[in-house]
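Sequence lines, in order, name chains Y and S.
Residue 179 in the working numbering sits at position 95 of the first sequence, and the numbers go up by one each step.
Residue 471 in the working numbering sits at position 387 of the second sequence, and the numbers go up by one each step.
A portion of the hints provided could be inaccurate.
If several chains are the same, the list does not tell them apart, and a pair holds so long as it fits within one copy or across any two.
Derived BS3-like pairs (lysine-lysine); straight-line CA-CA distance at most 30 Å [stated by the list, open to error]:
{"#": "1", "residue 1": "159", "residue 2": "628"}
{"#": "2", "residue 1": "137", "residue 2": "228"}
{"#": "3", "residue 1": "129", "residue 2": "313"}
{"#": "4", "residue 1": "313", "residue 2": "452"}
{"#": "5", "residue 1": "201", "residue 2": "452"}
{"#": "6", "residue 1": "313", "residue 2": "454"}
{"#": "7", "residue 1": "313", "residue 2": "677"}
{"#": "8", "residue 1": "355", "residue 2": "452"}
Derived from the structure by calculation, the hints contain no laboratory data.
Protein chains: 2
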Amino acid sequence: MQPIDFKDVTIGGGFWGELQRKNAEVSVYNIHKRFAETGRFRAMKCIRDDAHKPHVFWDSDIAKWLESVANILAKKEDPQLKAWADEAIADICNSQLPCGYFNCYFQVYEPENIFRKRPEHELYCAGHLIEAAVALHEAGVDDKLYAAMIRYADYIYERFYVKKDAGFVTCGHPEIELALVKLYRATGAQKYLDLADFFIEERGRHNEETYAFTYPVYHLDHAPVREQKTAEGHAVRALYLYIAMADVARLKGDRELADTCETLFEDIIGKKMYITGGTGSSYHGETFTFAYDLPNIFAYSETCAAIALAFFCDRLARIRNRAVYHEIFERVLYNNVLAGESRDGKGFFYVNPLEFHENIYDYNEGLKTKLFCPIPERVEVFDCSCCPPNLTRFIESIGSYIYAEEGGTVYVNQYISSSARVGGAQLLIESAMPYGGTARVRVQGKADLRLRVPAWRGGVSMKVNGRRAEPQIADGYIALACDGDTAIDLDFRIRPRFVYANENVWYDNGRKAVEYGPLVLCAESCDNGPNLRAVRVRSLAGAKVSAGEGPFALEVPAERLRTSAALYSYEPPVPERCTLKLIPYFAWANRGKGDMQVWFL
Amino acid sequence: MQPIDFKDVTIGGGFWGELQRKNAEVSVYNIHKRFAETGRFRAMKCIRDDAHKPHVFWDSDIAKWLESVANILAKKEDPQLKAWADEAIADICNSQLPCGYFNCYFQVYEPENIFRKRPEHELYCAGHLIEAAVALHEAGVDDKLYAAMIRYADYIYERFYVKKDAGFVTCGHPEIELALVKLYRATGAQKYLDLADFFIEERGRHNEETYAFTYPVYHLDHAPVREQKTAEGHAVRALYLYIAMADVARLKGDRELADTCETLFEDIIGKKMYITGGTGSSYHGETFTFAYDLPNIFAYSETCAAIALAFFCDRLARIRNRAVYHEIFERVLYNNVLAGESRDGKGFFYVNPLEFHENIYDYNEGLKTKLFCPIPERVEVFDCSCCPPNLTRFIESIGSYIYAEEGGTVYVNQYISSSARVGGAQLLIESAMPYGGTARVRVQGKADLRLRVPAWRGGVSMKVNGRRAEPQIADGYIALACDGDTAIDLDFRIRPRFVYANENVWYDNGRKAVEYGPLVLCAESCDNGPNLRAVRVRSLAGAKVSAGEGPFALEVPAERLRTSAALYSYEPPVPERCTLKLIPYFAWANRGKGDMQVWFL
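Turn these sequences into a full structure, and let the hints steer you where they fit.
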């Protein structure tokens, strides 16, 4: 299956048009401002300043910002962003060493340790710079960074693949692998695919350096990748590796490697994923832990891990399409990914808990030695600020995940208002999602169409050119042969539904979440008062959609289980009727500090 | 109210007779063995051995062991224990400095820092040595340590109260205060009460040294004690301080200080106590946190804190008796305190969680940098081994909490099979508790009797000399005037009951615990299979007591909420009938590693 690239897709208005507008006009600007204020752009000049040493991963922050800009400029002009990008690119190119190497930290502060400190993100940074360069090149924005990064990639190839004289075989943080696949695609040069393949296959075959606090599993070094059957270690590192594995499996037609990816995917979605699509439940090493370990309050669930899981879904679909990949993509996208950003587009979450208690946070803030605790409001920059520009580049490229083509068949995988030419046909989607369950798909021309049926549907009804038609559903898609000018009206009968977690998820037994279409809903104390844990929802029969102050809210008849003031009592709690106001999970924490909850009695 | 001292109470057979036998024959012996093996006894000789430096609190370990031995020897002969005690006492007395000072760590390794390092437990150790000395003296076992500790107390008085030339005003770990009250009672010398009062009142009035990781609140230094209205800081330190405050309030008739103690007690039992009587919910600083913060899996709930809360209940009852003090004492005693010891009497818990998941423990054990996690089986000694000898001294003195007298009125506060002379009467209790709800109280002589009515009663029926009598209950006691030879048969109609936590306890909403008389019950996976979180108990109507392999079990009709294998599903879980086998909480973790749970759906 070949997706239609976002550069060939026009996003219409509606939900995603608005998100992209905010992304291009607010988020990318504000990240530039904060990255400039924190010295990240200045660091690209590679001028020694011992008082303001850059982090080893700052290159990747700038690279992801550049990739975001490339994705914007591919579709519209923005002289300011272009000027800033040119400046950063010039700084990087001017600082690049004659051999091709570039790293704003190592070449300035530890040149003697270039390619010697395995956990320190060097090839991770290189990978993001390569991704940015390819994006800028393909957007027709810039070729200078592209040329520079080809030189860098050639240098990496020389050192790691030909001479093998670097201090390590594989980087502690995967990313270079998937970037090399992109470079292979852009250049057509086999060596980059070979190098990606090499980095993938060599992992787990050497006793390589890891952080002092952890074991090789953290870096996915515990076994050769083909023997890895469960998702382990640092979630983002793991998923970036899996993405590259899926890429290589597809490009080389490697069924065994593809099956490994599929097994890892099933382990994640079957045992290690929050209902929001979040993965990596532990803050300790930002890792996958063990099956069904999905704590809500102290969830880690990094925004970057969610984005990475979305990428992984997309890569798997390209090998052998299954509706479940798009279903999980949709879950990750509308919940954990979107939660990463504040309503105003300026603030970001790194950590995405499914339950928040103001008291826990306040108590922890009062400690002299603080423990890990998610934060109640998004912030504009982090010391480790990987998530913000990851989000902006992803939001800008959302068009890539809507349409696809395979052997003459045209797929609609996500209902995002947009238009594109797919195969011989022109497609136009007008979608009410995520707040509504309807979509109109117009097809001009001839197309053997497959329209994905969302897993959350309350039903499916379809009209073709105004006339009711019985949808033929197979493998999660409606099949429909179109010819000429066809208007397909779809109604997936969106309605609130309870979702139950597997009985082995200790944190959720006896509780349920409420979903509305692709949205996981949550309640906040600013709407519902404190102590959401005591709220019981028996039925969704009387639930009402209300616009409220945000774009969407669901009011549900519920009850609060009231007890006496005693700490322990023989008297059962008494239910007291109330209305529970639910909002999309992604919209939480936009109205000041307060409690939040996803799973209800 | 004046309790009858355990030395004047004979414990009969039954539950407590067996516990005390095990305590005297196994636990105290085994602790001696482990303390000897770990160098604690040798350390009392104060011979420098840099390879085996003692911990600063080892004096207190030996002191509590000596106090345990004193309590045993007060009632029976044991030449071996006596010989060991004599040896330790001789070592301490021989090592004591001419000024009276003794500390096996400071005088050997840091003499220049004697009374200079406030957080380092010096006066805490002194306090426990004084308690041991008083116990040995009052048991008629030894007067050498008593004389030595009077000299030490005099030296402390001189340095801290007269010259005020020590490096701190109050010790980082309260304990000396309550010990000085005991010394005052034993010697009649006012100076010790004055010194206790001084240490209490000066706390929070100086900006004294605390550990780097925390604030003054950890040491209860955040305010003068009379202004402390909520239980804060390190739970054991806090409770040891409150005990002394209650002692001084009583001895000096200080109503304000007594009210402060009462306020602190209400804060604890109303907002900060586990159903097991555990306090100090956080491992981070072993502290009280905030109201209703009572996590089950990562509960700290130190055994010493439970013992301290029991002591505090007793001290409050002496000021102005209320049935609630004995009710909480009973809850603490039969649950958190007894859980501290293994069935064989050799192993001990420091931390007492209310829920245990083997998978969490195993995962954590597999980490290179481990996080805090309670352990699944009791161990014979800890690096910080405060709990084991605290438990043995307490179990041995349990007789002190049964009977009391006040203004000619005779109180029975705990139904423990025993006999004692109280006022002018001889009392004998034969009790089925904790596994049964009946007790026979025989009174020979004249007594204005008050028999406590347990809060857990299903009802009360009473026979006096074989004839049904209507109990006159007031303030939690049955009042009964006895004259001659009176046999009172009580039946508190023990039955299993659901207990519900306050709606603000997030961890327990929608769940209930099962109590049987004074016992909180729990389920273990070895009886019930894994995943106890999915077990729902709707009613206790069909519950049956079964002897099983332990002395007590309760079999309850229940259901498991079964789900499909999917991680998330729109299908509600399906209840599957099962029998839930419950055992006393204190008896958990005696049959190998496994899951345990107190709160059920």
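Check residue 313 against residue 452 for me: Cα-Cα at most 30 Å, and say if that holds within a copy, between copies, both or neither.
between (41 Å within a copy, 22 Å between copies)
Please work out whether the CA atoms of residue 313 and residue 677 approach to 30 Å or closer within one copy, between two copies, in both situations, or in neither?
between (40 Å within a copy, 27 Å between copies)
Copy assignment of residue 201 with residue 452, given that the CA separation must stay at most 30 Å:
Cα proximity of residue 201 and residue 452: across copies only (20 Å, versus 33 Å in one copy).
For residue 137 vs residue 228, is the C-alpha pair at or below 30 Å within one copy, between two copies, both, or neither?
Only inside one copy: residue 137 and residue 228 sit 26 Å apart there, 65 Å across copies, limit 30 Å.
How do residue 129 and residue 313 come out at 30 Å by Cα distance, when the copy is not named: within, between, both, or neither?
Close neither inside one copy (43 Å) nor across copies (58 Å); limit 30 Å.
With identical chains, the pair residue 355 and residue 452 could be close in the same copy or across copies; at 30 Å between alpha carbons, which is it: within, between, both, or neither?
between (36 Å within a copy, 23 Å between copies)
Go through the copies and call it for residue 313 and residue 454: within, between, both or neither, with a Cα cutoff of 30 Å.
between (36 Å within a copy, 25 Å between copies)
Under a CA distance limit of 30 Å, which applies to residue 159 and residue 628: within one copy, between copies, both, or neither?
neither (39 Å within a copy, 73 Å between copies)
Checked against the numbered hints above, the structure breaks hints 1, 3 and satisfies the rest.
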